[in-house]
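Q: Here are the chains, one letter per residue:
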Amino acid sequence: MEFVMSIIIGILFMAAVYLILSRSLLRIILGTGLLSHGAHLLILTMGGLGGTSPPVLAEGVTDYADPLPQALILTAIVISFGVTAFILVLFYRTYAEHQTDNMNLMKGNDEHD
Amino acid sequence: MEFVLLIFLPLVAALFVPLLYKRIKNIHTGWFVFVIPVILFIYYLRFIEMTMNGNVTTSTLSWIPSLDISFIAVIDGLSLLFSLLITGIGSLVVLYSIFYLDKKQEKLNNFYVYLLMFMTAMLGIVQSDHVISLYLFWELTSISSFLLIGYWFTRDRSRFGALKSMMITVFGGLMMLGGFVLLSIMGDSYSIRELIGNADSIIGHDYFTLALVLILLGAFTKSAQFPFYIWLPDAMEAPTPVSAYLHSATMVKAGLYLVARFTPLFAFSEVWVWLVTGIGLLTLFWGSFFAVKQTDLKAILAFSTVSQLGLIMSLLGASAVAYHVDGPDAIIFKVAAFAAIFHLINHAMFKGSLFMTAGIVDHETGTRDIRKLGGLMSIMPVSFTVAFIGSMSMAGLPPFSGFLSKELFLTSMLALRDFELFNFATWGILFPIIAWIASVFTFVYSFYFVFKTFAGKRKRQPLPKQPKEAPVGMLLSPVILATLVVGIFFIPNIVGKMFVKPAVVAMQFGLYNHPNEVAVHVSAWHGLTPELLMTLGIIAVGALLFLTMKRWQKLYEIQPQYLSLNALYDSLMIFGESGMNRLSRFYMTGLIRTYLIYMFAFIAAITTIMLFVQDAFVVDMDSFSALNAYGVMTAIILVLAVCMVLFAKTRLAAIIALGGVGYSVALFFVIYKAPDLALTQLVIETVSVALFLLAFKFLPTLKRHGESTAFRFGNFVIAAAVGVTMTLVALSAHSQKLIPSISEYYKETVFTEAAGGNIVNVILVDYRGFDTLFEIAVLAIAGIGVYGMIRLRLARKENSDENK
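Just so you know, the protein sequences line up as chains X and F, in that order. With my numbering, letter number 109 in the first sequence gets 190, and the count goes up by one each step, no holes. With my numbering, letter number 529 in the second sequence gets 539, and the count goes up by one each step, no holes.
Since the hints were derived computationally from the structure, they do not count as laboratory data. Everything numeric in this text was worked out from a predicted model, so none of it was measured. Ideal Cβ placement from N, Cα and C applies to all residues, glycine included. Certain hints may be false.
Listed below are the simulated DSBU-like cross-link pairs for lysine-lysine, each with C-alpha atoms no more than 30 angstroms apart in a straight line [as the list claims (entries may be wrong)]:
#1 X/K188 / F/K713
#2 X/K188 / F/K707
#3 F/K659 / X/K188
Taking beta-carbon pairs under 7 angstroms as the criterion, some of the chain X residues facing chain F (in silico) [stated by the list, open to error]:
#4 E83
#5 F84
#6 I89
#7 L107
#8 S117
#9 A120
#10 V137
#11 G141
#12 V142
#13 I154
#14 T156
#15 V159
#16 F162
#17 I168
#18 L169
#19 H179
Model the full structure from these sequences, guided by the hints.
A: As C-alpha cells, then:
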C-alpha cells in the first residue's frame with residue numbers, strides 16, 4: 082500500500098507545484114492547500130501503514146498504528162490551517178488594494194527597482 | 011625604552027592635531043607636527059653605529075598572544091635606512107608643507123592627521139617582523155594614501171585618483187596577505203626572520219611559487235610596476251608635499267622594501283629572478299619612454315618615479331643571482347644589491363627635491379603645464395638650481411649622486427649578460443640594451459623637465475600669477491635635499507659604510523657576517539670601463555634626441571587612446587559595474603514564479619542526483635504492507651479531485667474540489683487507523699472550505715491571465731520533476747529503515763507513566779507538550795494577524811480620508 086501512497090504523494094506534490102507556478106494568486110493558494118495535504122500523507126506513509134488497530138489502549142491488542150507520526154500530523158494540520166487562513170486574508174487584502182490577482186502585475190513599481 | 015612603541019608615536023600625536031588646530035589659530039599647525047619626525051629621526055640616528063657593526067635589535071609588543079600575533083619591531087640595516095628616510099624626508103616635507111599650504115584656506119587638521127597616520131604606517135611596514143602586523147601597516151598606508159590623494163575632495167580628479175590608487179593597491183595588498191598566509195603555513199611561523207631561517211622547508215613546498223607570485227603582486231602594485239603603475243600618475247592630484255613624500259620617497263618604496271626583505275627567502279627561485287628583473291626593466295623602459303610625452307610637470311615626475319622604481323626593482327632581481335653564483339663571479343651580483351640600496355637613497359633625495367620645485371613653480375606661477383612655462387631661470391634662480399641638480403642627478407651625470415648609482419646599475423646589467431643560469435645566456439644580452447635605451451630616455455626627460463620650465467624665452471601668454479621666487483621657508487627643504495645630492499657624490503663611501511652596507515647585509519642574509527665584508531668601493535672615476543663608454547653614449551644620443559624632440563614626438567600619437575592601460579582599467583571598472591548589474595537584472599526578475607522555479611528545479615535536481623550518486627535509491631517490495639481495497643478506492647477519488655482542482659473552470663468548482671481532496675485525506679486517516687487525525691481533518695477542512703466560501707464574494711474570478719501553452723508546459727515539467735522526486739524519496743526512505751521507531755516506548759508507558767489511553771493525545775499534551783504550546787501560539791498569531799489586517803485597512807482608509 083505504501084507504493085500506491087508514494088505515487089499519490091507524488092501526484093499531490095506535482096499538482097501543488099504546478100498550481101504554485103501559475104499566474105493567478107487564487108490558484109497559488111489552492112496549490113499550497115494541496116502541498117500540505119501531500120506533506121501530511123507523506124509523514125503518515127513514512128511511519129508505516131501496517132497497523133491494524135488505532136493507537137488507543139484496548140484489551141488484547143498489540144499491533145497499534147504508529148502514534149508518533151499521527152501526533153506530528155495533528156500539529157501540522159493545525160499550523161497549516163492557521164497559515165492558510167492568514168494567506169486567504171492576505172490575498173483578500175491584496176486583491177482589495179490592487180484589484181488584480183495576476184502575479185505578473187505584482188512586481189513592485191519602477192521606483193523600487 | 012621599547013622602541014616598538016615609537017612606531018605609534020605619530021599616530022598618537024595625530025590625536026592632538028585637531029585640538030591644536032582648533033585652539034591655536036595664529037600658529038601654523040605644521041610647526042607642532044614638525045617636532046614628531048625630527049624627534050624620531052634623531053632617535054633613529056643612534057642605531058647607526060649598532061647596524062654598522064652588523065648587529066640587530068628587536069622589540070616586542072604583544073597583541074593577540076593566543077593567536078601568536080604581536081608587533082615585533084626589528085632594526086637592522088635595511089629597516090634603519092628606511093626609517094631614517096621616512097622620518098628625515100618626513101621632517102623636510104612637513105617643513106615644506108608649512109609654507110606650501112595656507113593656514114587660512116586649507117583644512118590643515120585633516121592634512122596632518124592623515125600625514126601622521128601615514129608615517130606610523132610606513133614605520134610599521136619597515137620595522138615589522140611579523141607578517142600579519144606588516145600587512146596591517148601595509149593597508150594603513152593604502153588608506154592614508156587614499157585620504158591624502160583625495161585631500162581636495164571637492165575635485166573630481168582627486169576623487170578619481172584616490173579611488174584608483176585604492177583599488178589597485180588594496181588588490182595587491184590582499185594578494186600579499188594570501189602570500190603571507192601561505193608562507194606562514196609552510197614555514198610554521200609568522201616571523202619573517204624565522205621564515206628565512208626555515209627557508210629549506212619552504213623552498214621545496216608546493217605552494218612556494220604561488221606564495222612568491224602573490225607577494226610579488228603586492229610589491230608590484232605598491233611600487234607602481236608595470237602594468238600596475240597607472241595609479242601613480244593619477245595620484246598626482248594630491249597636494250605636492252604628499253606627492254613628494256608618498257609618491258616618490260616613501261610609500262612607493264614599500265614594494266621595494268618587501269622585495270628586498272624577502273630576497274633571502276625567494277632568491278633561490280628562478281621565477282623570482284626573472285619576474286623581478288624582467289618586470290623591473292620593462293617598467294624602467296616604459297616609464298622613461300612615456301615621461302617624455304607628458305606636459306604636466308608632476309606627470310613627468312610621476313612617470314620618472316615609475317621608471318626609477320623599475321630600475322631599483324631590476325637591481326633587486328639581479329642581486330638575487332648572488333645566491334646562485336659562487337666564487338669571484340658572485341661579487342658582481344653583490345654589487346647589484348649595493349647599487350639597489352644606493353640608488354634608492356639617491357632617488358629619495360633627488361625626487362623629493364624635484365617634486366618640491368615642481369610645487370614651487372605651481373605655487374608661484376599658478377600652472378604646472380610645461381607648455382605655458384619657460385624662461386623662469388632669472389626669476390627663480392634658487393628653484394632653478396635645485397631643479398637642475400635634481401634633474402642632472404636623475405639623468406645620471408657627474409658630479410651628482412645619480413651618476414654613481416647609475417654606473418653601478420650598468421655594471422650589474424652588463425654582468426647579467428654573462429650569467430649562464432636560467433636561460434640568461436640566451437636572453438641576457440637584452441638586459442644591458444634595454445637598460446641603456448631607458449637611460450637615454452631618462453636623460454631626455456630630465457633635460458626636458460628642467461630646461462623647458464626654466465630656460466628659453468617667456469611665453470607670450472601671461473601666466474595665471476606673476477612669477478616670483480618662493481619664500482625662504484619653502485626653499486629650505488629642497489635646498490637641503492639638493493645639497494645632499496651633491497654631497498653624496500663626494501662622499502659615497504661614507505654613505506656606503508654607514509647606510510648601504512648594513513642594509514645589504516640585511517637584504518642578503520646568509521651571505522655576509524659583517525657589513526665590512528661587503529667589498530664595494532664606489533669611485534667617480536673607475537677607469538675606462540664599458541659602463542663609462544655607455545654613459546658617454548647616453549649623453550651623446552640623449553642630447554641629440556633632446557634637441558630634435560619636436561620631430562619625433564609624433565611617435566607618441568601612434569598608440570591610440572583606447573589601447574592604453576588606463577583605458578583598460580576604465581573599461582574593467584565599467585564592465586565590472588554594468589556587467590554585474592546586467593547579471594543581477596537577468597536572474598532577479600522580480601517575479602515570484604522565477605524564484606520558485608529556481609528553488610523547485612534545484613531541489614528536484616540535487617535530490618535526484620544525490621539519490622543515484624549515493625546509490626540511495628532502493629525499492630524493497632517486502633517492506634510494504636498489502637494493498638487495501640478501500641485505500642485504492644480512496645486513492646482514485648483523491649486523484650480525481652486533484653484533477654478537478656487543476657482543470658476547474660470556475661473558482662467555486664476549484665474550492666469544492668479542494669474540499670474533496672481534504673475529505674479523501676480524512677478518509678485515508680480513517681483507513682489507516684488514525685481517528686484523531688480524521689476528526690481534526692474533517693473539521694478543519696470544513697472550516698477551510700467555509701472560509702473560502704466566506705471570502706468568495708470578495709475574491710476575483712478564476713482567471714489564467716493569458717498563460718500560454720509553453721508557459722504551462724514549463725510549469726508542468728518542473729512540477730513533474732518535483733512530483734517524481736518526492737515519490738522516489740518516499741519509496742527509498744520507506745525501503746531502508748535504519749533504526750526501529752521510538753513509538754514502542756510510548757505504547758508501553760502510556761498508561762503506567764501518563765495515565766492515559768489515547769496514545770496520540772498523550773503524546774500531544776504530555777510527552778511532547780511543547781509542540782502543542784507553540785502550535786497554539788501559531789494559531790493565536792494567525793488570528794491576531796487576520797484581525798490586524800482587516801483593522802489596518804480601516805485605519806489607513808480613515809487617514810487617507812482625513813488627508814483628502
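Q: Next, verify each hint and record whether it holds.
A: Hints, verified against the model:
1. Taking the CA atoms of X/K188 and F/K713, the gap is near 18 angstroms; set against the 30 angstroms cutoff, the hint holds.
2. Using a Cα cut-off of 30 angstroms, the hinted pair X/K188 and F/K707 holds, with the two alpha carbons roughly 26 angstroms apart.
3. Among the hinted pairs, F/K659 with X/K188 is consistent with the structure: their alpha-carbon atoms are about 26 angstroms apart, no more than 30 angstroms.
4. Because the smallest distance between the Cβ of X/E83 and any Cβ of chain F comes to about 4 angstroms, under 7 angstroms, the interface hint for this residue holds.
5. A least Cβ separation of about 5 angstroms between X/F84 and chain F falls short of the 7 angstroms threshold, and the interface hint therefore holds.
6. Restraint check, X/I89 versus chain F: the minimum CB separation of about 5 angstroms is within 7 angstroms; hint holds.
7. The criterion of a C-beta within 7 angstroms of any C-beta in chain F is met by X/L107, whose closest approach is roughly 6 angstroms, and the hint holds.
8. The restraint placing X/S117 at the interface with chain F is violated, with a minimum CB-CB distance near 10 angstroms, outside the 7 angstroms limit.
9. For X/A120, the interface hint is violated, since its Cβ never comes within 7 angstroms of a Cβ in chain F; the closest pair sits about 9 angstroms apart.
10. Checking X/V137 against chain F: minimum C-beta separation of about 5 angstroms stays under 7 angstroms; hint holds.
11. This hint is violated: X/G141 has a C-beta 14 angstroms from the nearest C-beta of chain F, more than the 7 angstroms allowed.
12. Given hint, X/V142 at the interface with chain F, is violated; its Cβ is 10 angstroms from that chain's nearest Cβ, farther than 7 angstroms.
13. With its C-beta approaching chain F no nearer than about 6 angstroms, X/I154 sits inside the 7 angstroms limit, and its interface hint holds.
14. Interface restraint check for X/T156: the shortest CB-CB distance to chain F comes to about 5 angstroms, inside 7 angstroms, so the restraint holds.
15. Annotation: interface hint on X/V159 holds; nearest CB of chain F at approximately 5 angstroms, less than 7 angstroms.
16. Evaluation of the X/F162 hint against chain F yields a held restraint, the C-beta minimum of about 5 angstroms falling below 7 angstroms.
17. With a cut of 7 angstroms, the hint placing X/I168 at the interface with chain F is violated, because the nearest CB-to-CB distance is about 10 angstroms.
18. Using the Cβ-Cβ criterion of 7 angstroms, the hint placing X/L169 at the interface with chain F is satisfied: the shortest such distance is roughly 6 angstroms.
19. Residue-level restraint check for X/H179 is violated (minimum Cβ-Cβ distance to chain F is 10 angstroms; threshold 7 angstroms).
Checked against the numbered hints above, the structure violates hints 8, 9, 11, 12, 17, 19; every other hint is satisfied.
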